[in-house]
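Given next are the chains, with one letter for each unit.
There are 2 protein chains.
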Amino acid sequence: MAIQITGLKLPIINEGDEISQIIKDEREFEGSEILVIAHSIISKANGQRTNLKDVDPGERAKKLAKKSNKDPRVCELIIKESNVIKIGKDFIITEKNNRICANAGIDKSNAGKGNVLLPPKKPNQEAEKILKEIDCQGVIISDSIGRPFRKGAVGTTIGYAGLKPFSSYKGLEDLYGRKLETTVECVADELAASANLVFGEASKSKPVAVIEGFKREGEPRDGKIEREKNQSVFR
Amino acid sequence: MAIQITGLKLPIINEGDEISQIIKDEREFEGSEILVIAHSIISKANGQRTNLKDVDPGERAKKLAKKSNKDPRVCELIIKESNVIKIGKDFIITEKNNRICANAGIDKSNAGKGNVLLPPKKPNQEAEKILKEIDCQGVIISDSIGRPFRKGAVGTTIGYAGLKPFSSYKGLEDLYGRKLETTVECVADELAASANLVFGEASKSKPVAVIEGFKREGEPRDGKIEREKNQSVFR
Numbered sequence: 000m001a002i003q004i005t006g007l008k009l010p011i012i013n014e015g016d017e018i019s020q021i022i023k024d025e026r027e028f029e030g031s032e033i034l035v036i037a038h039s040i041i042s043k044a045n046g047q048r049t050n051l052k053d054v055d056p057g058e059r060a061k062k063l064a065k066k067s068n069k070d071p072r073v074c075e076l077i078i079k080e081s082n083v084i085k086i087g088k089d090f091i092i093t094e095k096n097n098r099i100c101a102n103a104g105i106d107k108s109n110a111g112k113g114n115v116l117l118p119p120k121k122p123n124q125e126a127e128k129i130l131k132e133i134d135c136q137g138v139i140i141s142d143s144i145g146r147p148f149r150k151g152a153v154g155t156t157i158g159y160a161g162l163k164p165f166s167s168y169k170g171l172e173d174l175y176g177r178k179l180e181t182t183v184e185c186v187a188d189e190l191a192a193s194a195n196l197v198f199g200e201a202s203k204s205k206p207v208a209v210i211e212g213f214k215r216e217g218e219p220r221d222g223k224i225e226r227e228k229n230q231s232v233f234r
Numbered sequence: 000m001a002i003q004i005t006g007l008k009l010p011i012i013n014e015g016d017e018i019s020q021i022i023k024d025e026r027e028f029e030g031s032e033i034l035v036i037a038h039s040i041i042s043k044a045n046g047q048r049t050n051l052k053d054v055d056p057g058e059r060a061k062k063l064a065k066k067s068n069k070d071p072r073v074c075e076l077i078i079k080e081s082n083v084i085k086i087g088k089d090f091i092i093t094e095k096n097n098r099i100c101a102n103a104g105i106d107k108s109n110a111g112k113g114n115v116l117l118p119p120k121k122p123n124q125e126a127e128k129i130l131k132e133i134d135c136q137g138v139i140i141s142d143s144i145g146r147p148f149r150k151g152a153v154g155t156t157i158g159y160a161g162l163k164p165f166s167s168y169k170g171l172e173d174l175y176g177r178k179l180e181t182t183v184e185c186v187a188d189e190l191a192a193s194a195n196l197v198f199g200e201a202s203k204s205k206p207v208a209v210i211e212g213f214k215r216e217g218e219p220r221d222g223k224i225e226r227e228k229n230q231s232v233f234r
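These protein sequence lines map, in sequence, to chains A and B. Numbered according to numbering that gives the first Met the number 0, the first sequence spans residues 0 to 234. Numbered according to numbering that gives the first Met the number 0, the second sequence spans residues 0 to 234.
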């Protein structure tokens with residue numbers, strides 16, 4: 000069985016657009032597909048866009064901008080959107096709902112002149128909404144997120160619906176008949192990472208990946224992907 | 000353009016086996032494929048396997064075992080293989096060559112009764128060796144590794160050859176003509192994650208994924224994937 004991943008080219012998304020309808024206009028679905036959707040188009044459709052000329056940075060934002068070499072107006076938005084947990088020259092690492100990422104997930108790419116895109120407010124709910132309207136196995140809303148111990152960003156799940164994000168193989172036997180103990184795999188993040196391989200970069204505008212042929216055995220599990228603070232020994 | 004990922008079923012690998020030959024016996028290659036190979040079969044072919052009855056744990060290993068609830072013999076191997084950086088009830092986090100993972104990457108799964116598999120000593124070199132013998136675009140040696148802020152393990156690159164691990168889109172224009180600034184993506188880790196979606200779990204024995212149709216534009220970069228200690232604000 001092979002997995003196939005295809006990038007869907009969409010028109011530029013504007014505030015008020017119906018993402019599900021636009022996706023359905025591009026292709027038909029059979030019910031077994033997994034859709035991975037770049038969070039940026041959800042933010043755009045929802046009008047989660049701010050023009051920086053409308054942002055008036057406060058004292059705290061100005062200090063943060065000085066420490067981090069960033070635009071004070073972006074810093075103002077970062078403070079509003081998240082908790083800043085580490086600051087350095089050229090970086091601000093933030094936390095919100097146990098999701099740790101750079102700059103509160105605020106993005107200048109593909110936002111239009113002078114604008115920034117804020118991350119979707121309720122990504123799980125957005126995934127549910129799309130799943131209801133498109134006949135597929137599951138929906139993932141993704142973002143490219145950096146990692147503490149490894150360079151470069153990778154596609155990561157920030158919201159999901161219709162699929163179990165983890166697979167556990169506990170109790171299955173290995174090649175030699177030994178029962179597996181604790182392997183838990185975050186398939187949702189692996190699907191989001193694989194989608195990044197087909198997303199069009201820059202102006203290519205392929206913000207949706209359709210994954211066909213994925214079916215996981217083992218014992219799927221539900222739950223939150225982000226570790227709580229007390230489960231993470233590196234925070 | 001779609002990406003296709005296929006799992007190759009191999010026979011059980013034993014010490015002294017020629018991995019490249021065994022892979023070539025399974026299928027033909029056209030030169031454009033990327034191969035992702037589970038590190039465990041490299042370790043097996045290289046005889047990187049230890050029977051725990053032959054391990055005599057020292058005092059430090061015994062203390063580590065008590066703190067972490069783990070087998071003292073496994074702890075002895077962990078100490079030999081890596082630097083222990085965090086210990087807790089049921090976990091030991093280790094570092095070697097800036098790679099941070101659990102238990103020094105030592106694995107009981109598919110190792111045979113009483114055995115553990117040690118990670119390959121020089122994974123980049125192993126990838127080079129296979130690339131020389133198989134007509135493909137690139138080779139990745141992968142492992143499933145946990146993440147500090149997210150639950151579950153994901154497929155990750157521990158060695159590579161023939162491909163650039165990072166893509167940078169600096170200078171490309173976005174949908175609105177704005178030049179992209181700093182997005183660097185770790186495509187090697189995204190490829191390793193996608194391969195995990197087809198690897199056979201438990202006794203399925205599909206330790207090799209063949210990725211077809213992947214071609215990345217932008218500006219590919221070379222370099223080490225692991226952050227140096229002074230680049231990581233969470234260590």
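Since the hints were derived computationally from the structure, they do not count as laboratory data. We treat Cβ as the ideally placed atom computed from N, Cα and C, and that holds for glycine. One thing to keep in mind: the hints can contain errors.
Unchecked claim - Which bits of chain A does chain B cover? Going by a derived footprint, with three or more residues having C-beta under 8 Å, they are: (1) 4 to 14; (2) 59 to 68; (3) 122 to 129; (4) 150 to 157; (5) 184 to 190; (6) 221 to 228.
What the hints assert, rightly or not - Calculated pairs, DSSO-like style, for lysine-lysine (alpha carbon to alpha carbon, straight line, at most 27 Å): (7) A:Lys203 - A:Lys169; (8) A:Lys169 - B:Lys169; (9) A:Lys85 - B:Lys214; (10) B:Lys85 - A:Lys169; (11) B:Lys205 - A:Lys228; (12) A:Lys120 - A:Lys95; (13) B:Lys150 - A:Lys214; (14) B:Lys23 - B:Lys169; (15) B:Lys178 - B:Lys128; (16) B:Lys178 - B:Lys8; (17) B:Lys228 - A:Lys65; (18) A:Lys178 - B:Lys128; (19) B:Lys23 - A:Lys169; (20) B:Lys228 - A:Lys203; (21) B:Lys150 - A:Lys223; (22) B:Lys169 - A:Lys69.
Quick rundown of the hints versus the structure:
Counting residues of the region 4 to 14 of chain A whose CB lies closer than 8 Å to any CB of chain B gives 4, so the stated coverage by that chain holds, three being the minimum. Under the rule that three or more residues need a Cβ within less than 8 Å of chain B, the assignment of the region 59 to 68 of chain A is violated, with 0 such residues. Evaluation of the coverage hint for the region 122 to 129 of chain A: breached, as 0 residues show C-beta separations to chain B shorter than 8 Å, against a requirement of three. Closer than 8 Å: that is the beta-carbon criterion, and the region 150 to 157 of chain A has 6 residues meeting it against chain B, so the requirement of 3 holds.
Note: the region 184 to 190 of chain A has 6 residues with beta-carbon separation from chain B under 8 Å; the three-residue rule is met and the coverage holds. Look at the region 221 to 228 of chain A against chain B: 5 of its residues bring a Cβ nearer than 8 Å to a Cβ of that chain, three or more, so the hint holds. A hinted pair counts as satisfied when its Cα atoms are at most 27 Å apart, and Lys203 (chain A) with Lys169 (chain A) does not qualify at roughly 42 Å. Distance check on the hinted pair: Lys169 (chain A) and Lys169 (chain B) sit about 43 Å apart at the alpha-carbon level, beyond 27 Å; violated.
The suggested pairing of Lys85 (chain A) with Lys214 (chain B) is violated, with an alpha-carbon distance near 35 Å, which exceeds 27 Å. Between the alpha carbons of Lys85 (chain B) and Lys169 (chain A) the distance comes to roughly 25 Å, so the proposed pair stays at or under 27 Å and holds. The hinted pair formed by Lys205 (chain B) and Lys228 (chain A) fails the criterion: a straight-line CA distance of about 36 Å is larger than 27 Å. Simply put, Lys120 (chain A) and Lys95 (chain A) have alpha-carbon atoms about 11 Å apart, close enough for the 27 Å limit, and the pair holds.
Distance restraint check for Lys150 (chain B) and Lys214 (chain A): the Cα-Cα separation of roughly 21 Å lies within the 27 Å cut-off, and the hinted pair is therefore satisfied. For the hint pairing Lys23 (chain B) with Lys169 (chain B), the CA-to-CA distance comes to about 38 Å; that exceeds 27 Å, so the pair is violated. Between Lys178 (chain B) and Lys128 (chain B), the direct Cα distance comes to roughly 39 Å. Violation of the 27 Å bound is thereby established for this hinted pair. About 44 Å separates the Cα atoms of Lys178 (chain B) and Lys8 (chain B), which puts this hinted pair outside 27 Å; it is violated.
Distance restraint check for Lys228 (chain B) and Lys65 (chain A): the Cα-Cα separation of roughly 25 Å lies within the 27 Å cut-off, and the hinted pair is therefore satisfied. Note on Lys178 (chain A) and Lys128 (chain B): the hinted pairing is violated, with a Cα-Cα distance of about 33 Å set against a maximum of 27 Å. A threshold of 27 Å between alpha carbons decides the hint, and for Lys23 (chain B) with Lys169 (chain A) the separation of about 32 Å lies outside it, so the pair is violated. Note on Lys228 (chain B) and Lys203 (chain A): the hinted pairing is violated, with a Cα-Cα distance of about 36 Å set against a maximum of 27 Å.
Taken as a hint, the Lys150 (chain B) and Lys223 (chain A) pair is honoured in the structure, with Cα atoms around 8 Å apart against an allowance of 27 Å. Simply put, Lys169 (chain B) and Lys69 (chain A) have alpha-carbon atoms about 18 Å apart, close enough for the 27 Å limit, and the pair holds.
In terms of the numbered hints stated before, the structure departs from hints 2, 3, 7, 8, 9, 11, 14, 15, 16, 18, 19, 20, listed from lowest to highest.
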